[in-house]
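Residue-level listing of the chains:
Number of protein chains: 2
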Amino acid sequence: MSVVTLAVDAMGGDHGLAVTVPAVATMLSRQEHLHIILVGQPEPLADAITKAGLDGHARITVQPASELVAMDDSVAVALRQKKDSSMRVAINMVKEGRAQAAVSAGNTGALMAVSRFVLKTLPGVDRPAICTAIPTVSGHCHMLDLGANVDSEPEHLLQFALMGQALVNAVDGVRHPRVALLNIGEEDIKGNEQIKEAAGLLRDAPNINYAGFIEGDGIFAGEADVVVCDGFVGNVSLKTMEGVAKMLKNMIREEAERSWLRKLSALLALPVFRGLKSRMDPDRYNGASLVGLRGVVVKSHGGTTVEGFASALEVAELEARRNVPALIRDALAPVVNSADA
Amino acid sequence: MSVVTLAVDAMGGDHGLAVTVPAVATMLSRQEHLHIILVGQPEPLADAITKAGLDGHARITVQPASELVAMDDSVAVALRQKKDSSMRVAINMVKEGRAQAAVSAGNTGALMAVSRFVLKTLPGVDRPAICTAIPTVSGHCHMLDLGANVDSEPEHLLQFALMGQALVNAVDGVRHPRVALLNIGEEDIKGNEQIKEAAGLLRDAPNINYAGFIEGDGIFAGEADVVVCDGFVGNVSLKTMEGVAKMLKNMIREEAERSWLRKLSALLALPVFRGLKSRMDPDRYNGASLVGLRGVVVKSHGGTTVEGFASALEVAELEARRNVPALIRDALAPVVNSADA
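One line per chain: the protein sequences are G and S, in this order.
If you read the first sequence in my numbering, its first letter stands for residue 17, the second for the next number, and so on.
If you read the second sequence in my numbering, its first letter stands for residue 17, the second for the next number, and so on.
The following block holds chain G by itself, in its conformation from the complex:
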């Protein structure tokens, strides 16, 4: 097995070094054929490395970066004023071929803008998209776009479909992933003009296993491997999922704490709650891919835990190992050729 190198923005996210460095320690102990470039401000980074017991680790390199992109920095600030940010330097590592993927828990808008500026999009990709795995009753599916684009044209939805298909093919080993379009009904006549036109494009594409329309509840029913949607709709749907899951978790806790008898009974039922948690765990599903770029970039949730950031590193490692950008380029070749013709 060849060695994969990941460039990690060690400063990004709500918890910065306190989460990123311990997560790197976890991943290095799990995965032998992995090298990590930790990018960040030298002094605090050195402290965090010592604290995590990683001093002198053979598979860690430190790459200094003097600035950091704050969670509320605008895209313009991140792009134009912070050219030596840990986020930007991590992405530069990918551009220069020194790493095969970059991972950051920094703000999404900035990460997408900087990645796009530094790495550029693949031929045939008008707009990169954000894609992540979503739990379903039978495993998981991948959904895109989750917020990189608002007001996508039907041609963009076709590109998302091709990119999502190539990704699922590579990371899940699904030969002919079922690709569905997110809509407000399953009948052909439902939806807006954009969706109806996109459905025609997907139906006519020779290399897409088009599964038709899917509704919001169908995402979780295991009906599709790839769910395609506009970034506005996808982002609202993703955040809705997060909101419902969080509310339910709080309600379970509240209900379990209403009396000592309930506390005791909930304690006895802990294996049930743990089983549920392991299947719905936001940590396990952390790590969204920025697809359509000439390099692998993975975005971690800003508020994630050590375990969650480790999941994002795993996503990046797998995509780098399978060389997902090259597969996406191949998947989009027919679109590029037909556009040239």
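Be aware that a few hints might be false.
Since the list gives no way to pick one copy over another, a pair counts as held whenever it fits inside one copy or between any two copies.
As the list claims (entries may be wrong) - As a list, the in silico DSS-like pairs of lysine-lysine whose alpha-carbon atoms are at most 30 Å apart:
1) 136 - 206
2) 98 - 136
3) 111 - 212
4) 206 - 265
5) 111 - 99
6) 99 - 206
7) 99 - 262
These aren't lab readings, by the way, just hints derived from the structure by calculation.
Please arrange chain S on chain G, whose structure you already have, making use of the hints.
Same frame as chain G, now just chain S:
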């Protein structure tokens, strides 16, 4: 307390009479000042009434309708070919002033089209919307539009805001409901043009307590009383909620049934699960209002239970009692006047 009369499409929904008539029995026993007109095919309806022990009930009237709108009937069929459907006749009752509200579990598209055709929209309302209560950590909020419209213009979102505000004011007694716009970020610069323009309209409206943007997870955080969105986005979000809740329910059951020990422990924790259910119960939140019409029409989930259909009847009863259409007309008066000026 004055008597409210509801016209009930007894044939609509996946389970038709088996659900609607027992739900009417439940509601009549709960609520004294209520009269029900049961609309449907005379023979099966009479059987269902007998079965529910409602023969000769003083507060039930039967209104015959020879046809029924099937769940998969197109809008065109419902509107043009089934003029004596139980759905249409129930709405006619409202139009004729014989009932103050109509309730149906029939298909949404048909119900909206027939309601709009028969009742007409209120002055200032370009497009009626679908609105329902959504559970939050601190109670509930109301969200609209949930699928009556795709591609809403900013002016339509303003109308939805005014309608939602009037509804919440009437049914929840909230004096100045906080009205938020569903978006993919909370900062002013986020979102598409439609949302940014709508934000300007809501901010400038003198009689709206505008609370800014809200994200998908914010719906459940109790940050707003009224959540306004385009019907496409709202429908995807609503169905996403339903899908996540259903998946979690299935996962809890699966996890609880993995071993006899788990079964036992889950049984002991039943009060916790029951507490959770009572707060998230889809039955309790059944009943979506078609707002913007010259009359109250409530749509029940097609696959609902007796308890769920009773909730939809409750929603209709309350809106009829508070005369929500008149309140919405008043709320929209400034918009109508400014359009005339």
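Evaluation of the provided hints:
Taking identical chains as interchangeable, the C-alpha atoms of residue 136 and residue 206 lie at most 30 Å apart only when they sit on different chains, with a minimum of 23 Å there against 36 Å within one chain. In this assembly of identical chains, residue 98 and residue 136 lie within 30 Å of each other by CA distance solely inside one copy; the values are 19 Å within and 57 Å between copies. When the C-alpha separation of residue 111 and residue 212 is checked against a cutoff of 30 Å, the pair qualifies neither within a copy, at 38 Å, nor between copies, at 35 Å. Taking the shortest Cα distances, residue 206 and residue 265 sit within 30 Å of each other only across copies (29 Å), while inside one copy they are farther apart (34 Å).
Taking CA atoms no more than 30 Å apart as the test, residue 111 paired with residue 99 passes inside one copy only; the shortest distance there is 14 Å, against 66 Å between copies. In this assembly of identical chains, residue 99 and residue 206 lie within 30 Å of each other by CA distance solely across copies; the values are 23 Å between and 46 Å within a copy. For a Cα distance limit of 30 Å, the shortest separation of residue 99 from residue 262 qualifies neither inside one copy, at 36 Å, nor across copies, at 46 Å.
In this structure, the earlier hints numbered 3, 7 are contradicted, and the remaining ones agree with it.
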